[in-house]
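Peer 1: Each chain, written out:
Protein chains: 2
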Amino acid sequence: MKRHIHTSLVAALLIVPSALIAQKTEEPAPDSKPADSDPSHAKIPDGYRDWRLISVAREEGKIDDIRAVLGNDIAIKAYREGTLPFPDGAVIARIAWSLVPSEENNKAFGQAQSFVPGAPKNGVQFMFKDARKYAATGGWAYAQFGEADGKPVVDEAKLSACFTCHQPAAARDFIFTRYSLSGLAGQK
Amino acid sequence: MKRHIHTSLVAALLIVPSALIAQKTEEPAPDSKPADSDPSHAKIPDGYRDWRLISVAREEGKIDDIRAVLGNDIAIKAYREGTLPFPDGAVIARIAWSLVPSEENNKAFGQAQSFVPGAPKNGVQFMFKDARKYAATGGWAYAQFGEADGKPVVDEAKLSACFTCHQPAAARDFIFTRYSLSGLAGQK
Chain W
1 MKRHIHTSLV
11 AALLIVPSAL
21 IAQKTEEPAP
31 DSKPADSDPS
41 HAKIPDGYRD
51 WRLISVAREE
61 GKIDDIRAVL
71 GNDIAIKAYR
81 EGTLPFPDGA
91 VIARIAWSLV
101 PSEENNKAFG
111 QAQSFVPGAP
121 KNGVQFMFKD
131 ARKYAATGGW
141 AYAQFGEADG
151 KPVVDEAKLS
161 ACFTCHQPAA
171 ARDFIFTRYS
181 LSGLAGQK
Chain E
189 MKRHIHTSLV
199 AALLIVPSAL
209 IAQKTEEPAP
219 DSKPADSDPS
229 HAKIPDGYRD
239 WRLISVAREE
249 GKIDDIRAVL
259 GNDIAIKAYR
269 EGTLPFPDGA
279 VIARIAWSLV
289 PSEENNKAFG
299 QAQSFVPGAP
309 KNGVQFMFKD
319 ARKYAATGGW
329 AYAQFGEADG
339 KPVVDEAKLS
349 ACFTCHQPAA
359 ARDFIFTRYS
369 LSGLAGQK
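Residue numbers (my numbering), protein chains in the order written: chain W, 1 to 188; chain E, 189 to 376.
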């Protein structure tokens, strides 16, 4: 179950429970106002598909996808400067696709070797950094949106699994994905 | 040999031979001035690592890498609007890495399934569009820079293989890679 739930090491299915957020509002607001009524982390960030590339990965097993991890400007800057923990406002996105053979490519290569993205898969996931607001979950809110309907996945049963799984990366502020350099000197 | 040379379907090792370029200079310049003496396509474009993501892929076989394909603003705009052929100034970049198991991720997942980028591999490749200047090779110049030394790969023997291999994608202006949507409505 844990494996099924945790469809990404980058950002899993956790939506911070409103109960936790209510304890961590920016202002000492009255508890009667649920902080999760319109939480920024439950919205798809505008223009995230244009964010810069952090890295890529291939997940086999039940997840079975190829994925790209993108970061907003705050996240990219922190990655490149080695800033830990990530500053508030950093957002990391994970897009994934099924991995399918490319007949066209294979024909050009003369052998079966090429796999390319098929349909979007496993939703689009985000991690939103706010050290205070999401202190109960390491300073990050986790969110996932269905690739078919764009709706946020909210399932209390999935909440604890995400933060738990990310514990091994605690020393890197709970982020598994490392920035992938191109190898060219002077090129980030 | 062809397979070895052609380390990418996106952009292979072709550097347009100076002889061809001399026939296709912007101005009817004297042949005595080699157009390839300082060709833009033999320079690594500034800031290419910040370009937006077109797609990703996995190549097995001898190539054996995971790769990301990025585009400059002109290329991305053309992809999204379905503009063919690509306008002059479009540049497409291909970065690749070895694909290695992530022990850290696998431990978190509880099984071996996660593969992440290792060292940069197979150079960094570009395709530069200039319909007139590179008319002899379909309007594109192909370039590759070594991931270790950043030096352009120039090998006359590799020139014809690139353009030849890209022929099957002639209907898409010789570009194999398709733009990968995230799946979220309203998100490019």
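For the record, the hints were derived by calculation from the structure and aren't laboratory data. This one's a predicted model, so the numbers in the text were calculated from it and none came from an experiment. Incorrect hints may have been included.
[To be verified] Covered by chain W, according to a simulated footprint, are these stretches of chain E (three or more residues, beta-carbon under 8 Å):
| no. | region |
| --- | --- |
| 1 | 274-280 |
| 2 | 283-290 |
| 3 | 313-322 |
| 4 | 350-359 |
[Said to hold, decoys possible] Which chain W residues stay away from chain E? Per the calculated CB distances, all over 10 Å, these:
| no. | residue |
| --- | --- |
| 5 | 42 |
| 6 | 50 |
| 7 | 57 |
| 8 | 61 |
| 9 | 83 |
| 10 | 84 |
| 11 | 88 |
| 12 | 89 |
| 13 | 112 |
| 14 | 119 |
| 15 | 120 |
| 16 | 132 |
| 17 | 153 |
| 18 | 181 |
Beta carbons: idealized from backbone N, C-alpha and C, even for Gly.
Peer 1: Give me the numbers of the hints this structure contradicts, sorted from smallest to largest.
Peer 2: 1, 3, 6, 7, 8, 13, 14, 15, 18
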